[in-house]
Amino acid sequence: MTAAGSVGILATACSFPTETRSVADVFAAEGVELSDVTTARLGIDSVTVGDAEAGSELALDAARRALADAGLVGKDVHLIVDYTVLPQHFLVPVWNLGNKLQHELEATNAFTLGFSGGGTSSFHVALRFAADMIAANDRLRTALLFGADTAIPGNRVINPDDPVTVLGDGASAMVLSAEAERDVILGTELISDGAFHDVCTIPGGALAHLGQDDRADLYRLRIDTAKLSAAPTAATLERLGDAVAARTGSELSVVKHFVFPNLSAADDAMCRAVWDAAASPAIEANRRLRGHVQATDLVANLESVSADGACAEGDLLLVGSHGMGFTAGVTLLRH
Amino acid sequence: MDGQIGILAEAYYLPPTRASIDEVFGVEDVPTDALAGGLDFRRDIGIESIHVAGEETASGLSVKAAKLAVERAAIDPSEIDLIVGFTSIAEDFVAPTWSAAGVVQHELGASRAFVTSNNTGGCASYHATLSAVCAVMASSDSINTALLFAGDKAPPLNHAYYPVTVVCDGGSALILRKGHPRRVILAVEAATVGKLHDVLYAPGYPHRDPTDPCANRWLHMTGDYQRFNEEVIPVNLFMFRKVMRAAMKRAGVQPDEIDHYIYPTFSSWDQRAFCEGMKIDPDKVYTRGLGPHGHLQETDMVLNHVDAEADGTIGDGDLVMLTTNGAGFAWGATILRQ
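Here the protein sequences come in this chain order: A and B. Residue numbering for the first sequence is 1 to 335, as defined by this note's numbering. Residue numbering for the second sequence is 1 to 338, as defined by this note's numbering.
The set of hints was computed from the structure by calculation and includes no laboratory data. Hints should not be assumed to be uniformly reliable.
[Said to hold, decoys possible] Covered stretches of chain A, as calculated for chain B (at least 3 residues, CB under 8 Å):
hint : region
1    : 65–76
2    : 91–101
3    : 109–115
4    : 194–202
5    : 258–271
6    : 302–313
[What the hints assert, rightly or not] Only pairs whose alpha carbons sit at most 25 Å apart, straight line, appear in this in silico DSS-like list of lysine-lysine:
hint : chain 1 : residue 1 : chain 2 : residue 2
7    : B       : K178      : B       : K67
8    : B       : K242      : A       : K75
9    : B       : K279      : B       : K242
10   : A       : K75       : B       : K279
11   : B       : K67       : A       : K75
[Said to hold, decoys possible] These stretches of chain B come out as covered by chain A in the derived footprint (C-beta under 8 Å, 3 or more residues):
hint : region
12   : 171–185
13   : 286–299
Beta carbons are placed, not taken as given, at the ideal position from N, Cα and C, and that holds for glycine.
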């Protein structure tokens with residue numbers, strides 16, 4: 001599915017804990033061997049580390065700064081959308097951080113939404129729903145989107161037996177508006193394959209395995225790497241890229257900047273190969289410093305590729321993520 | 001709404017096993033204190049029995065309801081462009097990392113759909129999700145058919161939400177189609193009061209107390225009922241009025257034109273308070289589901305609408321207001337032309 005382009009990103013902000021920890025220390029703390037092969041594959045030197053309960057403070061900080069940058073206050077926000085991936089302070093969906101943010105920001109004219117299951121692609125899901133809601137409703141002019149992810153304690157190396165990534169902590173926020181003049185959302189394409197719904201899950205902590213709630217080892221994010229390797233991630237991204245280009249009348253050959261998550265160097269190379277995109281030193285620097293911070297990667301990388309005038313007015317930016325084979329998304333922006 | 005979107009079909013699934021309200025109270029820790037106005041939670045709630053899922057999973061309840069809705073719609077699942085879950089209590093796996101939408105897509109064979117789940121709104125997630133899905137459908141030429149679903153299975157020993165309700169297990173689904181001339185969605189409104197975010201919640205695994213004799217209490221609905229009484233109750237009818245009036249204004253209808261109200265089946269006293277507070281004729285509020293199944297979270301909206309159609313209460317051309325509140329705290333109102 002794709003969104004018509006009439007809404008843009010007015011402002012973004014990211015908030016990361018000040019502490020970083022080397023990947024070597026993280027692996028050692030979790031009792032995982034760090035080989036040279038793994039080091040090269042991950043391309044991550046350190047991760048940002050906060051308290052497990054820091055998510056709401058980081059989200060609030062990012063949201064406040066994004067609103068300030070947009071010249072808005074809480075009461076200007078009509079919709080708050082959560083694209084967090086990891087567990088929150090209380091159990092979702094009974095509770096959602098978006099409602100707490102609404103209170104803290106005094107966004108009394110807003111209502112809240114949040115989306116589950118998309119992994120990093122929840123960025124695209126949130127963007128798509130918010131953009132369409134703004135486009136479809138003349139009373140809904142401004143949306144605040146946010147994600148706040150802090151790793152489960154002792155669960156930064158995903159997975160210990162075959163490391164796919166290392167998780168850092170952080171939060172991000174975006175202000176969407178019908179009045180934005182840059183970073184206009186030309187289109188978002190999304191597709192899901194339910195066969196891969198369980199590639200990325202936390203086995204415990206909900207109704208499944210309730211009889212084993214003393215098994216703290218089940219309350220760990222896991223990626224089924226065998227299943228993931230069978231997912232046609234590159235082909236799906238290519239298909240979505242072609243679809244968003246066709247629907248928006250754009251040429252992918254003129255896209256100036258490509259933005260992908262910081263899952264690993266190997267994953268970045270796979271994503272770039274889809275469009276023969278050059279490596280971005282700014283994105284590599286983010287990955288090396290912070291590791292993978294779920295959908296916040298995409299916001300941070302968007303900021304980095306357009307920082308210091310690196311992005312000219314009218315440049316096209318493509319943001320892509322494969323969502324572990326389950327939900328893939330591609331968004332095309334015009335700076 | 002811009003452009004006509006109608007409910008092509010809707011269905012619910014209730015697991016066959018039932019438990020009487022006495023059986024629920026017999027095994028769950030339910031206080032016996034009298035409620036305000038001398039009400040007795042056990043005696044006066046008006047719920048006779050509930051359905052319990054037993055070995056069935058929460059996502060399995062969703063799948064069964066979704067299959068029923070697809071069957072009633074007489075469509076091929078590959079026609080579905082968008083699937084969105086709106087379950088509001090604990091699922092098979094932890095959200096927001098996981099969503100049952102993938103299971104529903106896979107089991108239906110809805111191969112071309114994009115799927116996700118909304119995780120806000122509590123029982124009002126029906127309205128928040130409907131609002132979001134209608135906007136996507138209205139904004140896109142390629143989204144013509146959408147499936148919304150929910151599947152709720154209360155954790156063990158957590159069917160009684162004292163002093164509010166007793167909850168039933170089950171699933172529901174509705175299929176929206178652009179241009180469908182029946183059950184046309186005229187307006188959807190949702191509102192959230194964020195300061196009440198922690199009045200009702202489930203703590204989650206990190207808050208587990210290994211010494212608690214109730215093994216799964218970390219998954220139970222947990223309420224601060226002093227705040228519920230002091231902060232939710234005083235704004236409840238105001239917020240209902242706010243979303244209902246906004247929906248009526250958007251739909252261009254007057255209160256006396258509403259033929260029927262679909263309202264949650266929490267308790268007899270809650271239904272009475274809604275009718276009295278909102279000055280609505282109780283005969284217009286569909287309450288028959290309260291006795292046989294109690295409260296089924298966000299599925300109340302679907303279940304009671306389906307039943308009100310099936311027993312002839314709601315007929316073609318009627319104007320129907322579906323409205324509820326939910327943890328978060330959230331309120332929602334939807335107006336349909338049958």
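Here's how the hints hold up against the structure:
1. 65–76: violated (count 0)
2. 91–101: Our answer is that it holds, as 10 residues pass the Cβ test (under 8 Å) against chain B, meeting three.
3. 109–115: holds (count 6)
4. 194–202: holds (count 8)
5. 258–271: The restraint on the region 258–271 of chain A is violated, since only 0 of its residues have a Cβ under 8 Å from chain B and three are required.
6. 302–313: Coverage by chain B is violated for the region 302–313 of chain A (0 residues, Cβ < 8 Å).
7. K178(B) x K67(B): holds (20 Å)
8. K242(B) x K75(A): The hint holds at about 17 Å.
9. K279(B) x K242(B): holds (15 Å)
10. K75(A) x K279(B): Between K75(A) and K279(B) the Cα gap is close to 31 Å, so the pair fails against 25 Å, i.e. violated.
11. K67(B) x K75(A): violated (42 Å)
12. 171–185: violated (count 0)
13. 286–299: violated (count 0)
Hint compliance for this structure: hints 1, 5, 6, 10, 11, 12 and 13 are not met, and every other hint is.
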